[in-house]
Amino acid sequence: MLRYLLIRTAQTAFAVFVVATLIFLGLQLTGDPMENLAPQDMSEAQVEELRKAYGLDRPVYIQYLRFMGHLARGDLGISFLSGEPALKLILQRFPTTLKLVLVALFIAVLFGLPMGVAAAIRADTFTDRMLRFLSVLGISAPTFWIGIMLILIFSVNLGWLPSSGLSSWKHYLMPAFTLSLYRIALFLRMVRSTMLDVLNQDFIRTARAKGLTERVVVYKHALRNALIPFITVAGLQFGHLMAGAVVTEKIFAIPGMNRLALDALYSDDRPVIIAFIIVVAVLFAVVNLVVDLLYAIIDPRVRYA
Amino acid sequence: MKRIGIVLTFVFALAFAGGDQLVVAYQGGAVTLDPHLRNETTTLAWQHHLFETPFFFSREGKVVPVLAASIENVDPNTWILKIRSGVKFHDGSPMTAEDVAFSITRAATHPKSQMTGYVGKVSGATALDETTVEIKTKVPDPLLPAHLDHAAVVPKDYLEKVGEEGFQKHPIGTGPYKFVDWLNADHLTLVRFEDYWGSKPDFKNVVLKNIPQGATRVAGLLSGEIDIAEKVLPQDFARVERSGRAAVKQTPGIRVIYVAMDYWREYGSEGLPEGAKNPFMEPAARKAVYMAIDEAAIVKKIMGGAATVAPQFLAPVHEGYSPKIKRFPYDPEGARKILEDLGYNDKDGDGWLELPTQSGGRVPFELRIDAPNDRYLNDAQIAQAMASMLRKIGIKAEVNAVPKKVFFPNMTKGHFTLYMAGWGSTDSINTMLSMFHSKDPEGRYGRFNREHYHNPEVDALIEKAASTFDPAERNRILQQAMEIAMLQDVAYIPLHYENVIAGVAKGVDFTPRPDEYLHAFEAKKK
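Note that the protein sequences, when read in sequence, are chains A and B.
In the numbering used here, each number is its position in the first sequence, counted from 1, plus 9.
In the numbering used here, each number is its position in the second sequence, counted from 1, plus 138.
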């Protein structure tokens with residue numbers, strides 16, 4: 010087990026190195042950062058002074074080596090705009106995004122999982138068709154539109170919920186629901202199809218034949234087997250949400266790390282962009298590891314020796 | 139049900155906006171609270187609550203003393219500044235000449251200072267006694283008092299004690315509000331500074347918020363969570379006014395939306411058919427495009443009244459604004475005639491004017507209009523409207539509207555023939571030097587003159603104005619330069635000034651400033 014963890018950690022470190030290199034080189038292709046960084050009031054000579062202060066006057070390979078040297082020590086540089094460490098700016102906002110995403114995932118599992126099971130055991134009945142129809146709506150409705158509609162209904166017309174920020178439990182309802190809608194639909198469809206697969210297998214027939222109640226067959230035998238792909242997908246969705254809640258964070262003015270990264274992208278604040286991507290890469294690696302470990306708990310056949 | 143809704147709205151309104159608190163929603167947020175590190179409107183607007191400068195601009199565009207009591211120019215490179223007495227920092231310590239000298243020097247010489255466009259000519263400032271600061275410049279700067287509007291005063295001892303990062307955790311200035319809490323680029327919470335030297339603001343508690351989405355800002359305004367929302371979009375005007383809870387307030391701004399044309403490549407300009415001659419080398423052709431644009435219609439139909447027709451590049455509050463410069467009248471027939479007289483007529487009778495090519499042939503007058511689609515209010519729609527107006531006079535115009543991230547680098551590289559952009563600066567000399575002065579090898583002038591507009595007479599006038607100390611004389615020289623550039627050379631086609639727009643809740647009295655700085659301390663209770 011320890012050996013397994015060590016290997017995974019080494020893999021993650023290598024992935025971060027590759028990702029950092031790619032993003033560093035990719036950013037070189039986006040043009041001159043001074044275009045966005047330097048205010049229009051400065052003369053060209055003054056812009057060059059500023060370029061020097063940011064260390065952007067050096068040849069790219071020197072910049073790269075310096076950047077990698079700092080990265081190895083866990084230093085992701087100072088934000089061009091704020092003068093504060095880039096990693097600190099991202100981590101300052103990390104918990105906000107994390108809380109929002111956890112609430113959204115909780116809602117998605119809470120609704121998506123039972124609805125998927127219900128659709129599977131009542132396959133091709135009215136309930137099933139209705140749920141599948143709703144899930145198409147959930148998958149195709151754009152986040153942007155849902156968010157704005159929720160604000161118009163619950164903030165402007167009814168005045169029940171605050172439209173922006175994330176300071177009380179009430180603030181979480183609309184953005185978390187906006188984020189979870191797609192996932193509810195996704196989980197529903199996914200659980201339904203894997204449940205149907207499992208329910209048609211031999212061991213289920215055996216379980217039924219040996220006289221187990223339908224309840225035990227569905228929840229103890231079938232669902233447990235259907236959960237493995239579900240956990241993979243849920244884990245990936247967690248990662249996607251952490252790095253992809255940008256529209257929701259923007260609409261509801263939530264101080265999450267995605268919005269910070271978007272602003273950094275617009276103003277070419279490269280240290281912040283890189284810090285964000287590295288944090289996300291590490292996060293994905295951790296989520297994958299957790300998912301793999303969960304397999305072992307759910308499926309006794311899986312062992313990491 | 140509806141009644142519950144109303145009651146709850148009322149409760150929310152009290153909880154969020156009521157009493158002594160003012161909540162202001164911006165389209166962006168301050169990215170730093172170090173006042174010399176980032177020169178960008180929203181960042182500075184937030185900082186203005188905490189920090190003040192020796193001089194600042196009034197709403198009318200006049201330079202007024204703030205932390206300075208007076209300033210005197212003893213020789214071209216030396217200024218003597220007397221500081222205002224009785225000013226205290228938020229920690230209770232008095233502001234001294236030492237602090238002011240330190241701050242001006244820092245703004246001018248800090249390696250990452252973005253204020254050098256204003257105070258970059260300063261070589262250093264020293265305190266002569268308790269109330270006197272001597273400022274030395276490298277080259278004469280007649281506009282130094284105005285340029286000190288970007289030299290926020292910070293407490294020297296405190297900054298040196300806590301360091302630059304520590305200062306951002308708890309910044310201290312002399313402004314009307316004290317720091318309480320902030321999250322970078324998200325919100326800044328403030329409380330009134332009771333020992334403030336000037337007239338104290340009406341609201342005790344202020345929260346400045348970054349709410350990037352226009353629809354969310356309006357929703358917050360209508361639900362009572364927000365008292366002032368900047369940049370309300372024209373499509374939301376009616377909804378705000380109808381709500382009975384807020385009103386839309388507008389002021390003509392200093393940002394001009396303009397059209398620029400390539401006049402440095404006779405052949406090979408990238409927005410024209412391959413090999414075609416670039417007609418915009420001639421002022422007459424530029425004037426023809428000018429006359430073909432129905433700006434009144436753009437302001438009315440596309441901007442929904444959220445803009446003001448611009449007769450020239452500078453705004454009325456600017457130094458150098460000349461009342462003599464009027465718009466060329468909208469006259470599509472006249473415009474077409476000018477182009478035909480220049481030889482760009484329609485010989486094959488297909489309805490489109492033609493351009494001669496380098497090889498002696500003729501091609502249809504196709505023109506790509508470049509514009510950003512996410513930078514200025516309704517930018518892509520304005521470009522579309524211009525394209526259809528140009529098509530009316532026989533120019534086959536198409537619009538290429540792209541995100542600003544793509545647009546501006548291409549603009550710098552000179553990939554455009556005719557494009558739309560915006561410009562906003564409080565400082566006319568800076569505008570003239572960077573947009574109208576021809577480029578020089580040392581990189582002092584013409585940083586944004588991408589079209590290579592070049593008129594030695596205008597260059598000379600701009601340089602003369604930049605070294606003229608008498609304000610009336612300087613104004614006259616700038617007017618003269620502008621008259622040549624706009625009327626004779628048609629250097630740029632001004633379209634409109636974007637209005638500065640704010641949605642303001644019923645209980646608050648507030649009108650936005652032309653320079654786009656939104657200050658909570660300028661809001662009054664009704």
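Note that these hints are calculated values from the structure, not bench results.
Idealized CB from N, CA, C, for every residue including glycine.
Take these hints with a grain of salt, some might be off.
Computed list of lysine-lysine pairs in BS3-like fashion (alpha-carbon distance at most 25 Å, straight line) [as the list claims (entries may be wrong)]:
1) A:K61 with B:K551
2) B:K425 with B:K338
3) B:K543 with A:K61
4) B:K259 with A:K61
Pulled from the structure, derived: some chain A residues nowhere near chain B, Cβ distances all over 12 Å [stated by the list, open to error]:
5) A24
6) G92
7) A127
8) S176
9) N209
10) V256
Hints numbered earlier in the text: which of these fail when held up against the supplied structure? Those not satisfied are hints 2, 6, 8, 10.
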